[in-house]
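Listed here are the chains, written in short residue letters.
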Amino acid sequence: MSSDTTPVRDDFVVALRRQPARSIQGQRVYERRHRLINTGLAIGVPLVLLALWEVSSRTGLIDHRTFPAPTTALGEMVNLARDGELQRHVWATLRRILIGYPIGAAVGLFVGVVMGTSPRIRAALEPTLNGLYVVPKITLLPVFLSILGFGEPPMIALIAVTVFFFVWIGTMEAVVSIPGGFGESAQSLGLGRVATLRHVTIPAALPNLFVSLRVGMTIAILVIVAAEFVVGDSGLGYLIFHSRALFIYGWMYAGILLVALMGVILAAVVTGLGRWATPWMAADRARLRGLGG
Amino acid sequence: MGDAVKVRRLSTDSNLDRPMGRAELRAESVTRVFRSRRSEVHALGPVSLTIGAGQFVSLVGPSGCGKSTLVKLIAGLLTPTEGEFTIATPDGRPPTIATVFQDFGIFPWKTVLDNVALALRAQGVDAPTARSRAVHWLERMGLESFQKAYPSTLSGGMKQRVAIARALATEPDVLLMDEPFASLDASLRQLLQEDLLTIAQQDVGRTVVFVTHSLEEAIFLSHRVIVMSSRPGTVLDDVEVPFPRDRDASIRESLEFNTLRGTLWEHLKGQVSRPQTTKGR
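Respectively, the protein sequence lines represent chains H and R.
Going by our numbering, the first residue of the first sequence is number 2, and it counts up by one from there.
Going by our numbering, the first residue of the second sequence is number 20, and it counts up by one from there.
No lab work stands behind these hints: they were computed from the structure.
Certain hints may be false.
What the hints assert, rightly or not - Some chain H residues judged to face chain R by a derived CB distance under 10 Å, without partners named: (1) Ala-82; (2) Pro-143; (3) Ser-147; (4) Gly-150; (5) Ser-189; (6) Pro-204; (7) Ala-283.
To be verified - Listed next, the stretches of chain R that the computed footprint assigns to chain H, with coverage defined by at least 3 CB atoms under 8 Å from CB atoms of chain H: (8) 79-87; (9) 253-261; (10) 271-282.
Said to hold, decoys possible - Output of the computed footprint for chain R on chain H, the stretches with three or more beta carbons under 8 Å from beta carbons of chain R: (11) 196-203; (12) 225-235.
Every residue gets a Cβ at the ideal spot worked out from N, C-alpha and C, and that includes glycine.
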């Protein structure tokens, strides 16, 4: 091989070589193995951690009362599910999110778009809303309890308000940061106010808007679980908090696991909706995935 | 080929019933000043000029000479600070104006076909007609197989073709082009220039204002080249291009072409080097 690359000048010798690291066939095998290893690690690491936990708990290395073995916790979870208690808690939390989140998101979108497109309304409302935005939403729970009484309304209101603030600020910034060139383009096409909103403003803001919708979902779960710690007699937050009081740690871990699962699924639903709503971003997403590995 | 025959080529539009030349543009001592809280930039003027109906006029000048400002004034995206800008039509009806921008012109969230159709829908054309006219213009720009593609999947040259197709689909009385080929590589640029020349020669009634940095491009495409001074932009030179309407790519090689380019460059050169005299060659 090296004979082809003998230098033309006979007083020169080859000082550096750049050769293929592996054959094309080898590259394909390498890539497949690479993917397999990554998938294996993604699944393997949590499994190993769980196994370590299981063993440590059973051998008494850690206190099995505070850290029951995963299999024990799973058993207790199945027991709880058998009399429908687990389902009741899951449904209570889910229901609050399914009612509160859309209300907060819809109002946030509306106010965000209005404030994003009208500097006058922005000037009027932004300082006030910014002031309220920095208030930790959970501190509003006592306020809602006093206004709306106990039961579902204060919980739903809390979620709606939390989601509202995230979606409002995200939407407003998304609308404000649309490049001015798109607006000029719309104007030169002769699009009216409503048509500009529909064909330019909203689609231009959509990708960023879905980022805030997803963050809003995560925060909604956080806030509702915290609220359930202190109020009412249902929901995963209630389950987690009160099983600790009853020293039934298996239920506590089951509750934590289910909150995590609910968060992952609901966030994935929002992401999926976002993909469906922004098909033109598919190429960008593919590029990002390519970079990721 | 006579001009009248060419006008009839695109005969479905009511605008085309009118005789040759549908809109005359006139600036009368127009200036534009951009004010912000801290500074004041005198971008343009005073500029007085008349662009005759059916003329293809290029504006050339150094960066920041107010070429784009002038185009935005014509498009109605800006108002003059002083002076007046008017557009006259044979029957006093407001003209239709289409603009091709350098970027942000086409919408990334709409497919190629929807981008073009939107321009027609905005003018009140019904959906099926808008669609078929959009398809027609995409075919003319060689984009028929990309109708359903999103702009992000297209090359820079194809995106500009979409922008041009969208502007032409509305069959505007006035066509404004603000450095439409600036971001393209040299060979693609030459190709699109030739396409544009062909299209411009087919509809002689249209008034076109074309902004460019390139003297070659300006001379090749237009009937008249206006050289603008550096900021504040004023008319430095106003030259009739001595080639007939029916020209083709071969004029690029002619002696006249190069002589004219040389003359215009002499005028433009002083403007380009003025802000940084030490670097002037």
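Tested hints:
1. Ala-82: At 45 Å from the nearest chain R Cβ, Ala-82 (chain H) fails the 10 Å test, so the hint is violated.
2. Pro-143: violated, 44 Å
3. Ser-147: violated, 45 Å
4. Gly-150: Status violated, d = 45 Å.
5. Ser-189: Since chain R brings a Cβ to about 4 Å from Ser-189 (chain H), closer than 10 Å, the hint holds.
6. Pro-204: At 4 Å from the nearest chain R Cβ, Pro-204 (chain H) passes the 10 Å test, so the hint holds.
7. Ala-283: holds, 8 Å
8. 79-87: Three-residue rule not met by the segment 79-87 of chain R, so violated; n is 0.
9. 253-261: violated (count 0)
10. 271-282: violated (count 0)
11. 196-203: Satisfied; 3 residues make the cut.
12. 225-235: violated (count 0)
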